[in-house]
Amino acid sequence: MAEVLIENNEERQLIQSAYRDLLRSIKSDVYEEDRVNIRAAYELAVQAHAAQRRKSGEPYILHPIAVAKICADEIGLGPTAIICALLHDVVEDTEVTLEDIREQFGTRIAKIVDGLTKLDSAYNAESPQAENFRKVLSTLVDDVRVVLIKMADRLHNMRTLGAMPRHKQLKIAAETSYVYAPLAHRLGLYNIKTEYLDLCMKITDPDDYREIARKLAETKRSREAYISAFIEPLRQKLNELNVPYEIVGRAKSIYSIWNKIKKKNVPFEEIYDLFAVRIIVDVPIEQERLICWQIYSIVTDVHTPIPERLKDWITTPKSNGYESLHTTVIGPQGRFVEVQIRSVRMDEIAERGFAAHWKYKGVSRNPDLYERWLDSVREILEDPQTDAVEFLGDFKSNNLFNEEVFVYTPKGDMRILPKGATALDFAFGIHSDVGYHCQAVRVNNRIVPMGYELRNGDQLEVITNKKQHPTEDWLKMVTTGKARAKIRSAMKEERRRQGEVGREALERKLKPLKVDYEESVEQLVKFYDTTSHVDLYFAIATGELNVNDILKTHQVDVYNDGSRHLVERPEEPVEAERAPEDVPKRRRQKITDKPRLLINGEPAERFDYSFASCCNPVQGDAIFAYLTANAGLKIHRSNCPNATNLIAHYGYRVMKAEWVSTTNSTFVVNLKITGIDDGPGVIERLTHSISTNLGLNIRSFSIEGNEGYFTGQISLLVKNTDQLYMAIQGLKNLDNISTVTRID
Numbered sequence: 001m002a003e004v005l006i007e008n009n010e011e012r013q014l015i016q017s018a019y020r021d022l023l024r025s026i027k028s029d030v031y032e033e034d035r036v037n038i039r040a041a042y043e044l045a046v047q048a049h050a051a052q053r054r055k056s057g058e059p060y061i062l063h064p065i066a067v068a069k070i071c072a073d074e075i076g077l078g079p080t081a082i083i084c085a086l087l088h089d090v091v092e093d094t095e096v097t098l099e100d101i102r103e104q105f106g107t108r109i110a111k112i113v114d115g116l117t118k119l120d121s122a123y124n125a126e127s128p129q130a131e132n133f134r135k136v137l138s139t140l141v142d143d144v145r146v147v148l149i150k151m152a153d154r155l156h157n158m159r160t161l162g163a164m165p166r167h168k169q170l171k172i173a174a175e176t177s178y179v180y181a182p183l184a185h186r187l188g189l190y191n192i193k194t195e196y197l198d199l200c201m202k203i204t205d206p207d208d209y210r211e212i213a214r215k216l217a218e219t220k221r222s223r224e225a226y227i228s229a230f231i232e233p234l235r236q237k238l239n240e241l242n243v244p245y246e247i248v249g250r251a252k253s254i255y256s257i258w259n260k261i262k263k264k265n266v267p268f269e270e271i272y273d274l275f276a277v278r279i280i281v282d283v284p285i286e287q288e289r290l291i292c293w294q295i296y297s298i299v300t301d302v303h304t305p306i307p308e309r310l311k312d313w314i315t316t317p318k319s320n321g322y323e324s325l326h327t328t329v330i331g332p333q334g335r336f337v338e339v340q341i342r343s344v345r346m347d348e349i350a351e352r353g354f355a356a357h358w359k360y361k362g363v364s365r366n367p368d369l370y371e372r373w374l375d376s377v378r379e380i381l382e383d384p385q386t387d388a389v390e391f392l393g394d395f396k397s398n399n400l401f402n403e404e405v406f407v408y409t410p411k412g413d414m415r416i417l418p419k420g421a422t423a424l425d426f427a428f429g430i431h432s433d434v435g436y437h438c439q440a441v442r443v444n445n446r447i448v449p450m451g452y453e454l455r456n457g458d459q460l461e462v463i464t465n466k467k468q469h470p471t472e473d474w475l476k477m478v479t480t481g482k483a484r485a486k487i488r489s490a491m492k493e494e495r496r497r498q499g500e501v502g503r504e505a506l507e508r509k510l511k512p513l514k515v516d517y518e519e520s521v522e523q524l525v526k527f528y529d530t531t532s533h534v535d536l537y538f539a540i541a542t543g544e545l546n547v548n549d550i551l552k553t554h555q556v557d558v559y560n561d562g563s564r565h566l567v568e569r570p571e572e573p574v575e576a577e578r579a580p581e582d583v584p585k586r587r588r589q590k591i592t593d594k595p596r597l598l599i600n601g602e603p604a605e606r607f608d609y610s611f612a613s614c615c616n617p618v619q620g621d622a623i624f625a626y627l628t629a630n631a632g633l634k635i636h637r638s639n640c641p642n643a644t645n646l647i648a649h650y651g652y653r654v655m656k657a658e659w660v661s662t663t664n665s666t667f668v669v670n671l672k673i674t675g676i677d678d679g680p681g682v683i684e685r686l687t688h689s690i691s692t693n694l695g696l697n698i699r700s701f702s703i704e705g706n707e708g709y710f711t712g713q714i715s716l717l718v719k720n721t722d723q724l725y726m727a728i729q730g731l732k733n734l735d736n737i738s739t740v741t742r743i744d
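When we follow my numbering, the leftmost residue of the sequence shown carries the number 1, and every step to the right adds one.
It should be emphasised that the hints constitute simulated quantities derived from the structure, not laboratory data.
You may find that some hints are simply not true.
Listed below are the simulated DSS-like cross-link pairs for lysine-lysine, each with C-alpha atoms no more than 25 angstroms apart in a straight line [said to hold, decoys possible]: (1) Lys264 with Lys220; (2) Lys732 with Lys719; (3) Lys656 with Lys55; (4) Lys252 with Lys263; (5) Lys264 with Lys732; (6) Lys672 with Lys260; (7) Lys311 with Lys252; (8) Lys411 with Lys318.
Keep in mind that this is a model prediction, so the values were computed, not measured.
Using the sequences provided together with the hints, build the complete structure.
This is how it looks when you write it as structure tokens:
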């Protein structure tokens, strides 16, 4: 047996226990052949990973077993996915080859494992993460289990991230929040999405995370008592329906509460809808709507409803299959409580998303739900001209939206698009050719601009003209990834067509020189910093580059083997106007008052670095260094608004950065203050608190009052986060101040 390879008896028992736990978690039917293959995959994985350890020091094999368990227990996948999860790292990290997998387990499992294996060549690309993600998604359209296993893999990595270095934690968290959390939402995996976001917050904003977690723990008992008081008056009327039901109350996620605190600018104590109550009924599919609306009627009879907070995703399910009735009511003590009403079937789809979709495919009211979505992904993937970074942006905007609008064709067919989509997005959504030749759009029988933002209930008719073609301005009028990808593709094709004229002109000039044509074009692409041959030819065709000027800056070199090459012409030496000794030496910049940092463990003074203006780091903030294309290193806060995008696309440019000592340096920090405008003296009170009580310098100050309420912005100079905290607390303690928040 494979276990004999693990010499440590305690570890062998730990691994065997984890494997038995995995087998118990399998919910689907397992035939004898599946059982044999699961065991074989487990033994192969134990053998392949026998010498490997995780950063935490534990045997590596525990990771694939944990991933397989998440697939079985939390996503509800079957034996094939469990086998692939056990094997998902063997090809990438061990001597086992893809051919070995194919021989032992067959083509289907080999294909899924291949999709889960990173592209080696991707790491020579501009954005390895984007290339790798593109590869995974290209397999998604053939077998969605690749992405579901990848989601389980990422979830376990996030749960066990504590042993990783800080800069790697930030990189993995950025990728997770940028792509994996929205993708989990799109696939209906709400529990996984919520946990992703909570775990990301734990890394990027650890202080806020711990503070909210502490307050939730402190209020747990009173919260449970409140939910019981809320539910009690409902039970009698629900019992009269004579249908099986379950009521559960739960706290909102830490990330969700934190988001509300930031958006509403209120403290934790003023977030009233901290919890949600879910009512789940077990009834046949044909009775679901009727019973759910009856329960809604009971809830709103007992507790006062807030009409504008009703969301009906039973009549019109979300595009990812989510069905539920949501309403917010006013419970005891005037608190807001969100109530979710759904059937057992709806709840399983809400919990397991795509995986549960297959179980109910025959009875669902949206049988082609995910097929339509996969078709849209397929269209973006099939465009060979889209690079990986463009693809990731297109995929995200096209497929991972949260809110939706429902519009109709002239025949009354409903189309679902992301909120913010335009009339031109609708045209491309109908068909690529309709989008290419869209001349005008009629909405509710009136002509509107192609950039018109769609509203729920709009009925649209697209007017086409074969002579119409996409232009660069069209990119500003669309938001969906499909439309952007198709417009860019059409424009690149047009550039290629026009560039043929430039190519012919260049060929005519180079032919008499008898140089290697392909190598010469490569040299010119680098020299003129164009991104491709097509762009070089297009520049020549449009007159931006002149062929004669090209030959003035280049010359023919004959190599020893007789081959002829076009190379850059050396510059003629220019006589110096004065002797080197006359040139004043540049004084070395004093750095004694510059804040001291370590970048990748080395003194920051060795690097060309500056502080990012997008987030204004203050000494004491969690930070990282990012290598820009042409501005040296930028120091960002870990929770900078731009950090997620930078790290998700270019994680290999991220370096570890940390403060090493207190200095006399000062940092700019911006605060937003709101409060009650109680007449003259507001400004004096604020400035006195900052300048006199705290001894801080004010860099700038603006304030605006409106109908008894004021909003102010103060820019301060502080030495570190301790001073910043004191400033915020000092201002909060003033009379009639509502909120004080740091802004970027």
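Against the structure, the hints:
no.	hint	result
1	Lys264 with Lys220	23 angstroms, holds
2	Lys732 with Lys719	20 angstroms, holds
3	Lys656 with Lys55	17 angstroms, holds
4	Lys252 with Lys263	16 angstroms, holds
5	Lys264 with Lys732	16 angstroms, holds
6	Lys672 with Lys260	17 angstroms, holds
7	Lys311 with Lys252	18 angstroms, holds
8	Lys411 with Lys318	22 angstroms, holds
Checked against the numbered hints above, the structure violates none of them.
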